[in-house]
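Dock chain B against chain A, hints included.
The listed protein sequences correspond, in order, to chains A and B. Residues 53 to 165 in this note's numbering are what the first sequence spells out, letter by letter. Residues 521 to 631 in this note's numbering are what the second sequence spells out, letter by letter.
Mixed in with the good hints there might be a few duds.
Claimed, not checked - One side only, chain B facing chain A, incomplete, derived with CB under 7 Å:
1. L553
2. P559
3. E561
4. G562
5. P563
6. L565
7. F621
8. P623
9. G624
Unchecked claim - Computed beta-carbon distance windows for the label pairs:
10. A:R96 to B:S613: 13 to 21 Å
11. B:P601 to A:D149: 33 to 41 Å
12. A:A133 to B:I533: 40 to 48 Å
As the list claims (entries may be wrong) - EDC-like mimics (lysine to aspartate or glutamate), calculated; alpha carbons at most 20 Å apart, straight line:
13. A:K61 to B:E561
14. A:K135 to A:E67
15. B:K571 to A:D149
16. A:K123 to A:D149
17. A:K61 to B:D558
Honestly, the hints are just simulated from the structure, not real lab data. Ideal Cβ placement from N, Cα and C applies to all residues, glycine included.
As a plain string of letters, each chain reads:
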Amino acid sequence: DGGITQSPKYLFRKEGQNVTLSCEQNLNHDAMYWYRQDPGQGLRLIYYSQIVNDFQKGDIAEGYSVSREKKESFPLTVTSAQKNPTAFYLCASSTFDRAGGYTFGSGTRLTVV
Amino acid sequence: GQQLNQSPQSMFIQEGEDVSMNCTSSSIFNTWLWYKQDPGEGPVLLIALYKAGELTSNGRLTAQFGITRKDSFLNISASIPSDVGIYFCAGLSNYGQNFVFGPGTRLSVLP
Chain A
53 DGGITQSPKY
63 LFRKEGQNVT
73 LSCEQNLNHD
83 AMYWYRQDPG
93 QGLRLIYYSQ
103 IVNDFQKGDI
113 AEGYSVSREK
123 KESFPLTVTS
133 AQKNPTAFYL
143 CASSTFDRAG
153 GYTFGSGTRL
163 TVV
Chain B
521 GQQLNQSPQS
531 MFIQEGEDVS
541 MNCTSSSIFN
551 TWLWYKQDPG
561 EGPVLLIALY
571 KAGELTSNGR
581 LTAQFGITRK
591 DSFLNISASI
601 PSDVGIYFCA
611 GLSNYGQNFV
621 FGPGTRLSVL
631 P
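Bound conformation, chain A alone:
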């Protein structure tokens, strides 16, 4: 079955450490996205990528970095520069023209202590 997988589901890190969240899809989608969701809030776009080796900043890119070396994979690194990294992170993918909308992963809850 095709889908989009995020791992791990829960992640704990100490303040000041970088951490990388994994996102893999086997839907043959060209575009991939990272969103941040805070309790009781909507989705805020961090980064997106429409093709391999290219990505664009979203609305809240500061303190985050991404790479898109393979079509199937779009890892997100939360760096120590991110002031308030504790949140629920969602990865999504879509066809290039976005017809059919986004398919989301099941999310990674990051807690920084």
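Just chain B now, with coordinates in the frame of chain A:
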């Protein structure tokens, strides 16, 4: 930038009741999507709308693409406990690169 507003922000209903929620914008959109998010999970697509005036159903769910192209509506009939969650609308305009998401409507169903 483009923004979507959803109302109500939250609602508590009795099991078996019908539910209505809407999504509005000052911008025109060409595609509207409705998603449901269960606690601790990613949003799941419920209904996609591509044409002004379009009315589409998915089981007990019915959504409409507003005639002005600035709004969309979602109705749930005969609610059940598993309808609990957050419902997000999302819109895509002609010149938008990505879907814009609303802040969500949180639905609670009381037995």
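A quick look at each hint next to the structure:
1. L553: holds (5 Å)
2. P559: violated (10 Å)
3. E561: Constraint on E561 of chain B satisfied, holds at 5 Å.
4. G562: holds (3 Å)
5. P563: At about 5 Å, which falls below the 7 Å cut-off, the nearest Cβ of chain A leaves the hint on P563 of chain B intact, so it holds.
6. L565: holds (5 Å)
7. F621: Holds. Min distance 5 Å.
8. P623: The hint holds - P623 of chain B has a Cβ within 7 Å of chain A, the shortest such distance being about 4 Å.
9. G624: This interface hint holds because 5 Å falls under the 7 Å limit.
10. A:R96 to B:S613: 13 to 21 Å: holds (18 Å)
11. B:P601 to A:D149: 33 to 41 Å: holds (37 Å)
12. A:A133 to B:I533: 40 to 48 Å: holds (44 Å)
13. A:K61 to B:E561: holds (10 Å)
14. A:K135 to A:E67: holds (10 Å)
15. B:K571 to A:D149: With Cα atoms ~16 Å apart, K571 of chain B and D149 of chain A stay inside 20 Å; holds.
16. A:K123 to A:D149: Cα-Cα ~16 Å, so holds.
17. A:K61 to B:D558: Holds, because 15 Å separates the two Cα atoms, which is no more than 20 Å.
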